[in-house]
Amino acid sequence: GAGVSQSPSNKVTEKGKDVELRCDPISGHTALYWYRQRLGQGLEFLIYFQGNSAPDKSGLPSDRFSAERTGESVSTLTIQRTQQEDSAVYLCASSFAGAVGQPQHFGDGTRLSIL
Amino acid sequence: AQTVTQSQPEMSVQEAETVTLSCTYDTSENNYYLFWYKQPPSRQMILVIRQEAYKQQNATENRFSVNFQKAAKSFSLKISDSQLGDTAMYFCAFMKVAGNQFYFGTGTSLTVIP
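In order, the protein sequence lines correspond to chains A and B.
Counting in the working numbering, the first sequence runs from 379 upward without gaps.
Counting in the working numbering, the second sequence runs from 13 upward without gaps.
The reader is advised that the hints may include incorrect statements.
[Unchecked claim] The calculated SDA-like cross-link candidates involving lysine to any residue, where the alpha carbons are at most 25 Å apart (straight line), are:
| hint | chain 1 | residue 1 | chain 2 | residue 2 |
| --- | --- | --- | --- | --- |
| 1 | B | LYS85 | B | SER54 |
| 2 | B | LYS85 | A | GLN480 |
| 3 | B | LYS67 | B | ASP38 |
| 4 | B | LYS108 | A | GLN419 |
| 5 | B | LYS108 | A | PHE474 |
| 6 | B | LYS108 | A | GLU446 |
| 7 | A | LYS435 | B | GLN113 |
| 8 | B | LYS82 | B | PRO52 |
| 9 | B | LYS108 | A | GLN480 |
| 10 | A | LYS435 | B | TYR37 |
| 11 | B | LYS108 | A | GLN428 |
| 12 | A | LYS435 | B | THR15 |
| 13 | B | LYS108 | A | ALA477 |
| 14 | B | LYS90 | A | GLY420 |
| 15 | B | LYS108 | A | ASP434 |
| 16 | B | LYS85 | B | THR30 |
| 17 | B | LYS108 | A | GLY479 |
| 18 | B | LYS108 | B | THR30 |
| 19 | A | LYS435 | B | GLN14 |
| 20 | A | LYS435 | B | TYR115 |
| 21 | B | LYS85 | A | GLU446 |
If you are wondering where the hints come from, they were derived from the structure by calculation, not from laboratory data.
When you get a sec, could you build the whole thing from the sequences and use the hints?
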């Protein structure tokens, strides 16, 4: 498809387990963003990748959170030793940073539920 | 640092009426972009409208228009002829030109009443 793809759509896991969330950006989009959205809340910035530059990790809430992206392709967000407060929808977005003022295009998100 | 404020957590409007959602922001940047996104219950964020800060003319997309007041740092969204499908969360977003970083408001939940 032509849009941002995220998998899995839903993930239920037990407290203490590790989870890995995947994001396939739109082809050619150099910028990739991860956000967390708790129920009924706004978007909380987590991390931003831009091409081969060092990622902006300033939004990661703890060292249990990490993300990787190889070049301008797939990104994975990993949460280790999950806690109940990690329950949220995790949204990925990509944009074409080669032109000024390009909007972000969002995936459908992964709903993460920690039991 | 950039901040985006949406002071209306919830709003409602009668079908076919007009509603305005407010957004203010704080920045020292002179060149930036502003966006409104819609998030229906289906969860996907959808771009509604975009405004370039250096353009004085307000952006318009069909029933959606903005009132951009740069000096006041205000960027409100007007929805005309509201439809049931407009029921959603609406997020205002600010984008710095340098760095492509986005900043989102906390959202306004809009309900269109039949």
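Verification of the supplied hints:
{"no.": "1", "hint": "B:LYS85 with B:SER54", "result": "violated (31 Å)"}
{"no.": "2", "hint": "B:LYS85 with A:GLN480", "result": "holds (20 Å)"}
{"no.": "3", "hint": "B:LYS67 with B:ASP38", "result": "holds (18 Å)"}
{"no.": "4", "hint": "B:LYS108 with A:GLN419", "result": "holds (23 Å)"}
{"no.": "5", "hint": "B:LYS108 with A:PHE474", "result": "holds (14 Å)"}
{"no.": "6", "hint": "B:LYS108 with A:GLU446", "result": "holds (24 Å)"}
{"no.": "7", "hint": "A:LYS435 with B:GLN113", "result": "holds (12 Å)"}
{"no.": "8", "hint": "B:LYS82 with B:PRO52", "result": "violated (28 Å)"}
{"no.": "9", "hint": "B:LYS108 with A:GLN480", "result": "holds (11 Å)"}
{"no.": "10", "hint": "A:LYS435 with B:TYR37", "result": "holds (23 Å)"}
{"no.": "11", "hint": "B:LYS108 with A:GLN428", "result": "holds (14 Å)"}
{"no.": "12", "hint": "A:LYS435 with B:THR15", "result": "holds (18 Å)"}
{"no.": "13", "hint": "B:LYS108 with A:ALA477", "result": "holds (13 Å)"}
{"no.": "14", "hint": "B:LYS90 with A:GLY420", "result": "holds (20 Å)"}
{"no.": "15", "hint": "B:LYS108 with A:ASP434", "result": "holds (14 Å)"}
{"no.": "16", "hint": "B:LYS85 with B:THR30", "result": "holds (23 Å)"}
{"no.": "17", "hint": "B:LYS108 with A:GLY479", "result": "holds (8 Å)"}
{"no.": "18", "hint": "B:LYS108 with B:THR30", "result": "violated (30 Å)"}
{"no.": "19", "hint": "A:LYS435 with B:GLN14", "result": "holds (17 Å)"}
{"no.": "20", "hint": "A:LYS435 with B:TYR115", "result": "holds (15 Å)"}
{"no.": "21", "hint": "B:LYS85 with A:GLU446", "result": "violated (36 Å)"}
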